[in-house]
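Put together the whole structure using the sequences plus the hints.
The sequence shown lines up with residues 1 to 155 when you count with my numbering.
Wrong hints could be hidden among the right ones.
[Said to hold, decoys possible] What follows is a set of in silico ranges between Cβ atoms, one per label pair, in the way DEER data are often shown:
no., residue 1, residue 2, range
1, A40, D80, 28 to 38 angstroms
2, A60, G142, 16 to 26 angstroms
3, S143, G122, 15 to 25 angstroms
4, R109, G55, 15 to 25 angstroms
5, E49, S143, 11 to 21 angstroms
6, G34, S147, 39 to 49 angstroms
7, D80, G34, 30 to 40 angstroms
8, L29, G61, 12 to 22 angstroms
9, T123, S143, 16 to 26 angstroms
Worth flagging that the hints you see were computed from the coordinates, not collected in a lab. For glycine and all other residues, C-beta sits at the position ideal for the given N, C-alpha and C.
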Amino acid sequence: MGDVRMTGWKGALAALAMAVPAGASAAPLCDELGFAGLLAACNRGEPIEITLASGQPLYAGEQPVELQSGAYYELVITADGSAELALSGASFFRSIWMNEIVINQIEVRPMAVDSIEFDAAGTVTLSFVAIRPGTHSLSIPGSTGDSQRIDFAIR
Numbered sequence: 001m002g003d004v005r006m007t008g009w010k011g012a013l014a015a016l017a018m019a020v021p022a023g024a025s026a027a028p029l030c031d032e033l034g035f036a037g038l039l040a041a042c043n044r045g046e047p048i049e050i051t052l053a054s055g056q057p058l059y060a061g062e063q064p065v066e067l068q069s070g071a072y073y074e075l076v077i078t079a080d081g082s083a084e085l086a087l088s089g090a091s092f093f094r095s096i097w098m099n100e101i102v103i104n105q106i107e108v109r110p111m112a113v114d115s116i117e118f119d120a121a122g123t124v125t126l127s128f129v130a131i132r133p134g135t136h137s138l139s140i141p142g143s144t145g146d147s148q149r150i151d152f153a154i155r
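Take a look at the structure:
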């Protein structure tokens, strides 16, 4: 029998499962994942909301934002249009498996993301599974203030 290959999100989740070293495991938020696997409703953390606005903090909550490796999250980024602003964070984006990015009800399934830029007001929703433990940040490029950065701790 030949080599069997899985494509799409099923293949990505299978690759994710095989990438976890023996003796270690991602810890989803529930035990009964069912057919949806890591994308199951019981495995979803609370949505994380970020606001991009000139001179305003990115995130109003406690930092670092705690994420569970193996759990599914949504990051909702809303720009008010007060300035052309971006968020970058290669370390964060390389530590997650991106399911999709939704912009104006259009779903994009990217292979990789380095940054997201808003030229006008709008909202983007990123859905992802946290993977690699560690502390990772998203920040406004060129900014130095702590309020212009959001830190994530994947456990």
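Outcome of the hint check:
no.	hint	result
1	A40 x D80: 28 to 38 angstroms	holds, 34 angstroms
2	A60 x G142: 16 to 26 angstroms	holds, 22 angstroms
3	S143 x G122: 15 to 25 angstroms	holds, 20 angstroms
4	R109 x G55: 15 to 25 angstroms	violated, 34 angstroms
5	E49 x S143: 11 to 21 angstroms	holds, 19 angstroms
6	G34 x S147: 39 to 49 angstroms	holds, 40 angstroms
7	D80 x G34: 30 to 40 angstroms	holds, 39 angstroms
8	L29 x G61: 12 to 22 angstroms	holds, 19 angstroms
9	T123 x S143: 16 to 26 angstroms	holds, 21 angstroms
Violated hint for the displayed structure: number 4, the only one.
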